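Asks: Sequence:
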Amino acid sequence: MFNTISGDISPDAGQVLHYGQDISHDSVEKRTKFLSRVFQDPKMGTAPRMSVAENLLLAAKRGKRRGLRFRNLRSNKEHFQKLATSMGNGLAQRLDTPTENLSGGQRQALSFLMATLNRPDILLLDEHTAALDPKTSAGLMEQTSQTVAEQKLTCLMITHHMEDALKYGNRLLVLHDGQITLDVRDADKDKMTIQQIMELFVD
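Terminal number for the sequence shown in this note's numbering: 205, no gaps in between.
There's no promise every hint is true.
Calculated cross-link-like contacts (lysine to aspartate or glutamate; reagent style EDC-like; alpha-carbon spacing at most 16 Å) [to be verified]:
#1 LYS32 <-> GLU165
#2 LYS137 <-> ASP98
#3 LYS193 <-> GLU152
#4 LYS84 <-> GLU56
#5 LYS45 <-> ASP128
#6 LYS169 <-> ASP192
Here are the in silico distance ranges between beta carbons for each label pair [claimed, not checked]:
#7 LEU202 <-> ARG51: 42 to 52 Å
#8 GLU31 <-> ASP179: 41 to 51 Å
#9 ALA94 <-> GLN197: 37 to 47 Å
#10 GLY90 <-> SER29: 34 to 44 Å
#11 GLU165 <-> THR87: 24 to 34 Å
#12 ILE160 <-> PRO13: 15 to 25 Å
#13 LEU175 <-> GLN95: 34 to 44 Å
#14 GLU144 <-> ASP24: 32 to 42 Å
#15 ALA151 <-> ASP43: 39 to 49 Å
#16 THR156 <-> ARG76: 32 to 42 Å
#17 LYS63 <-> LYS154: 19 to 29 Å
None of these hints come from the bench; they were simulated from the model. Bear in mind the structure is a predicted one, so any value in this text is a computation, not a measurement. Where a beta carbon is used, it is the ideal one built from N, C-alpha and C, also for glycine.
Take these sequences, add in the hints, and give me the full structure.
Replies: Given below as structure tokens:
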């Protein structure tokens, strides 16, 4: 489903609509103007030999027209410092560090900052905490929840952690063989238990 929304896979039937406009056959590059994605692998979504600040500058220009000009990295440093500080994991002290030298948690935090820097219309989180240790995962999830709420983002998140599925978001979908087998939201979602969800996976 995420690959269809992002443009990596063309739908066999139906449409993908963005504000009522059919984008089913738009390229991945064209969709980056309004769509961001964070992947499960911390190595995806960042340029390894570029510094943290350089990666953030690259994200700031995503979807915009580019030409040959001075990059003005120094003038953006204060803003990037504030963004990195919000993650609370030491990333702010590593703005000049090549991304390949970061820990997995710091690199994933950077990917998340890059994805939300320009407030996308759609944010796709593809198991973005699955490769992290429990403490780092919990911290990133809390920051994710805060950012989504503050920016009022339309966010879709894939997770196999049932606790996170129940705790975060206002709508829960369970997919099986490409079909929706459960769709609950708001008060009905709040009443669900992990046991009820697990029973859906029992043949």
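Asks: Work down the list of hints and note, for each, if the structure agrees.
Replies: How the hints compare with the structure:
no. : hint                         : in the structure
1   : LYS32 <-> GLU165             : 35 Å, violated
2   : LYS137 <-> ASP98             : 25 Å, violated
3   : LYS193 <-> GLU152            : 25 Å, violated
4   : LYS84 <-> GLU56              : 15 Å, holds
5   : LYS45 <-> ASP128             : 13 Å, holds
6   : LYS169 <-> ASP192            : 8 Å, holds
7   : LEU202 <-> ARG51: 42 to 52 Å : 44 Å, holds
8   : GLU31 <-> ASP179: 41 to 51 Å : 30 Å, violated
9   : ALA94 <-> GLN197: 37 to 47 Å : 41 Å, holds
10  : GLY90 <-> SER29: 34 to 44 Å  : 36 Å, holds
11  : GLU165 <-> THR87: 24 to 34 Å : 28 Å, holds
12  : ILE160 <-> PRO13: 15 to 25 Å : 18 Å, holds
13  : LEU175 <-> GLN95: 34 to 44 Å : 39 Å, holds
14  : GLU144 <-> ASP24: 32 to 42 Å : 36 Å, holds
15  : ALA151 <-> ASP43: 39 to 49 Å : 26 Å, violated
16  : THR156 <-> ARG76: 32 to 42 Å : 34 Å, holds
17  : LYS63 <-> LYS154: 19 to 29 Å : 23 Å, holds
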